[in-house]
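Engineer: So you can see what is in the structure, the chains are spelled out below.
Protein chains: 2
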Amino acid sequence: MMQIDERNTYLTDIPLSEAQQQLHKALQDVNKSAALPAEVVPLRDALGRVTAAPVWAKRSAPHYHASAMDGYAVNAADTLEATETRPVQLTLNEQAVGVNTGAPLPPDANAVIMIEHVQHTDASTIEITAPVAPWHHVRMMGEDMVATELILPANHTIRPVDLGAMAGCGHHTVAVRRKPFVMLIPTGSELVTADTAPEPGQIIEYNSLVLSAQIESWGGKTHIAEIVPDEREKLIAAVEWAIDQQPDLVLMLSGSSAGSKDFTAGVIGNLGDLRVHGVAVRPGHPVIIGTAQQTPIIGVPGYPVSAALTGEIFIRPLIAQWLGQRKPTAPTVPAKMTRKQLSPTGDDDYVRVTVAKVGDNYLATPIGKGAGVITSLVRADGLAHIPRFSEGVNSGDEIRVQLYRDSGEIERAVLTMGSHDPMLDLLNQHLMDAYDIRLTSASVGSMGGLVALRRGEAHMAGSHLLDETTGDYNISYVQHHLKKQPAQVITFAHREQGLIVRKGNPAGIKSLDDLRRTSYVNRQRGAGTRVLLDYELKQRGIPTDEVGGYDHEEYTHMAVAAAVATGIADCGMGVRSAAIALNMDFVPVGWERYDFVIPEQHLQHPGVLAILELLNNDVFKHELMNYPGYDTKETGTIQYVHQP
Amino acid sequence: MMQIDERNTYLTDIPLSEAQQQLHKALQDVNKSAALPAEVVPLRDALGRVTAAPVWAKRSAPHYHASAMDGYAVNAADTLEATETRPVQLTLNEQAVGVNTGAPLPPDANAVIMIEHVQHTDASTIEITAPVAPWHHVRMMGEDMVATELILPANHTIRPVDLGAMAGCGHHTVAVRRKPFVMLIPTGSELVTADTAPEPGQIIEYNSLVLSAQIESWGGKTHIAEIVPDEREKLIAAVEWAIDQQPDLVLMLSGSSAGSKDFTAGVIGNLGDLRVHGVAVRPGHPVIIGTAQQTPIIGVPGYPVSAALTGEIFIRPLIAQWLGQRKPTAPTVPAKMTRKQLSPTGDDDYVRVTVAKVGDNYLATPIGKGAGVITSLVRADGLAHIPRFSEGVNSGDEIRVQLYRDSGEIERAVLTMGSHDPMLDLLNQHLMDAYDIRLTSASVGSMGGLVALRRGEAHMAGSHLLDETTGDYNISYVQHHLKKQPAQVITFAHREQGLIVRKGNPAGIKSLDDLRRTSYVNRQRGAGTRVLLDYELKQRGIPTDEVGGYDHEEYTHMAVAAAVATGIADCGMGVRSAAIALNMDFVPVGWERYDFVIPEQHLQHPGVLAILELLNNDVFKHELMNYPGYDTKETGTIQYVHQP
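Protein sequences appear in the order of chains A and B.
Note that my numbering has the first sequence beginning at 15, numbered continuously upward.
Note that my numbering has the second sequence beginning at 15, numbered continuously upward.
Please keep in mind that the hints were generated in silico from the structure rather than gathered at the bench.
Please note: incorrect hints may appear among the correct ones.
Where chains are identical, the list cannot tell them apart; a pair therefore holds if satisfied intra-copy or between any two copies.
[What the hints assert, rightly or not] Calculated pairs, DSBU-like style, for lysine-lysine (alpha carbon to alpha carbon, straight line, at most 30 Å):
1) Lys350 x Lys371
2) Lys383 x Lys354
3) Lys39 x Lys341
4) Lys371 x Lys383
Note that the structure is predicted; figures quoted are calculated from it, not measured.
Build out the structure end to end from the sequences listed, making use of the hints.
Structural biologist: The following block contains the structure:
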């Protein structure tokens, strides 16, 4: 661990646009702002490369007058008199020469008669009953390309058909932009490679994988250096070595520790010019820009979301510039925000969102996870840019979202909000396999799901709300919360709830009565599990303020299990599958019913229809039943039809 | 050349859907209908590959409670009493341990106080003035991923961030689908490789390049065999050798000659089962489907457009199926047809179209070139599928178009119709370089351009229509044809018209008076050059029926030049640059003015604005002036403002 005194504080963050100008100026200063020079590659290797110059036809195509049909090449003048009643005979191999499609016309021929329109009279003549116009069924020289004609402009990304056109007019190589070459140096004493088992305090280094793959997908090539610990001399040596490989760009990938972040700036300052240290963009603040020995260097923040967005915001335009392409523009779609998003006033805020199409609207929901959570990018459907000084957006505002997935995929997806169940993953996998439809879920608790339905912000809601008076589930809540919306309540599964405890049950917990003497981790208000706990506590006469940790709220079964696994609490209530997933023990409390609440207007959505099919599919039910803690006896059953 | 008697006639074409079913059945018969098995690759090589199984987290991330800030790890209980007026001191390295971001919390700590919120009192204690809540500024174990959680589903195409997520939860390899392996065998005695200079009758073989690149871009890998001539034994040997390489698919790429087409079917029938010979799809008819030695074989038609579309229609879904992906769906946009398109009733018709956005509408115009014209695919902005039995579409009908370009690129493009000038390529190149805007042009003659403007089907029109009575150009025509549309007439250039003749002027043509005794190639009715010719003939008292070849019409200067170059005619009228392009001689007739006619409503279109800037840009004008046969003395001048 670093000594406190060595720490630097960050320079002031500068606005994104200013940082981009600084980068532009840095490139000019080191003579790196133009497109890269050309290299000549065989057409076989040219797919996806970018033309460095216009490509002109060297040769016409066809390069001779070619028959466009199987038939006989003739001189049209010889055919003028032919009629049904007065056929004309043409001497074979003199007046009429058999030609296949693509064959050159003989010197005197200027038309082709299709084989179907000819009667053989004998071995030496053919007979025709209609005249043919000059150049009929002939592909004239240059029909496709005329020599000197422009085939492809410069700065064009080569597609498969372009290869054919170039080959067809006399090229077998093409001048393309050299690929921008980027050296990546992962830095940080806490970093270890992906093939090792990390100790506490060690972190798997994978930003190099992500950035290298980004750069290659944008048309660059990369080399990833070995991880360099936070030692000034080693860092300097690593950067000098990297520069010696003559890259177009060096990326220093900081670890997420403060040490890594600060050394990068120091090293660049030491070797060359430190130009930017901190950019007002979220996530991503500690971006560093500099140059050394005529080479641009970018310091990339260590948090994975910051790193990937630094790639998109700073590095992608650079690669495009070097390839002679225009600044990449990402197409966006309009979407309605489902939650308020507060952005720091001075920052350009890039918000990862899930996007679903419910009814006619795209709905965007901020994922709201920190820059350390790479799964937030994996699960994001898109990215919304909230510009500096806009002070965020309100729920219901329209924003523009750059989609990370095909819009068709998003339109087919089903959005379920409400209570979380680990087996939604299983449902999603079956849905993907059999229907190519994704299930998107947001864990907001059972009550939160019903509220989302009321607002038209989800296709369905997962719910396991116990009605204390009836002992039934969900129905009275639907009646109360969906006053004006017809809906159906359809069972997903019965599932076993209980107390998740560490392996071997070290606290010796036998029932909920033990909550008075142990530490507990709770679910949030509105969660079905919370309702169940409160009901059980009341039955037992245990006041909530006697339950230690009652105020510690988590949002999913898995988060509860993780909190117990790591010793934050002795136990927490959740489904058996969550305990099994983390290899923990489980003290059963009872079985409950988990239903989907589906508004009538979404019952015909193709994805909802597919889910209903799966709930009645024996293979799926069998697989679900086989998970301990699940019972499918009423899976697919319509429990209630709400017709307000 | 083949002997006529050996020719086979085609089997009857079967409908596309039936051919697809036959292919499906063929795959089942040879046990090739399932997704391919998995292979394990390092994450470094996994970008763009398709997961063969769900990827579950092996390890939680973080795998320990980590500090989320630079600061001091504390036990929250020790901080409860701290207030502004009664600060609390914590002993360094006992009650408060300095931690960097990412560092593990010491065993008893459960919160982190940011360094900014701490006052050093001395070397052994820190002072705080506010309490901290448990787990504040802590990234709890599993915050990103909990062990056993689903990270990626099966059949997912791996993106850069996915690599990071997999590495972060304990993977350094991933099981992906083996790449489908396709052997391509080009066949045809007339075919030669792209690096040779073809003789008449020889054709450059490039379909293998196009199909191989298509297959690789869809996720397969390929090997291209050497070209096999149309000899049954050699073809059989080639197919047997290809099957020995254990491919998932063999493609026999026929040449475009009848011989190549028929041998393929014979060879498949000889070695195995010929299942389909001819599909009712345009372009593409002679598609062949069969199997031999447990290997599917597809015979691909020789015409390049047919070959590329066979790739998209038949081979792309196959690759997707083997990768475990769903049938690829191409997003489409609605567009208004600008011309009638007649489709053969029994065929699925795939129509290459140019697409422009004029006003609020996407307009689609069929390119209307044969299956032999690969540049029609290169220049196409999209593809419209006109289903079997629909009998084509009328001008003004809405169709759906699968775009080949980014919709933003299409929306920025300028569509000019009307007269063709070879220097529009130069304008396009400047427009692309400086503005990233494409100029799309359609050659329909000057008059055709004005008609297109009247119908709202173009942003501007190129025109050089001489008014015999005034000697001026275009203005009276605009007055007559654009009755109700305000517009401006702005000069592109003056250019030299004349008679294009073969090198050395073998026919000894000195002036238009010589047209009585030579053969001529004309432009179509409505072309400015045709108007000019008719005017000049009238001046000279030459009746048009005394001009041999007056009825042979071509649509561009280049086509006229090509017709003369290949001896179809002795001369044709056109601009000097067309003669220069094909290295021909030129007999000057005179200078004329070529203008752009631009409706007022399009004058603010960003692409039109860019063109007007270029017409007044000295660099562009200088470059244009340097081409022989162009004069820029009035380039950019507004000749007329039409205010009806």
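Engineer: So which of the earlier hints does this model not fit?
Structural biologist: Per hint list: zero violations.
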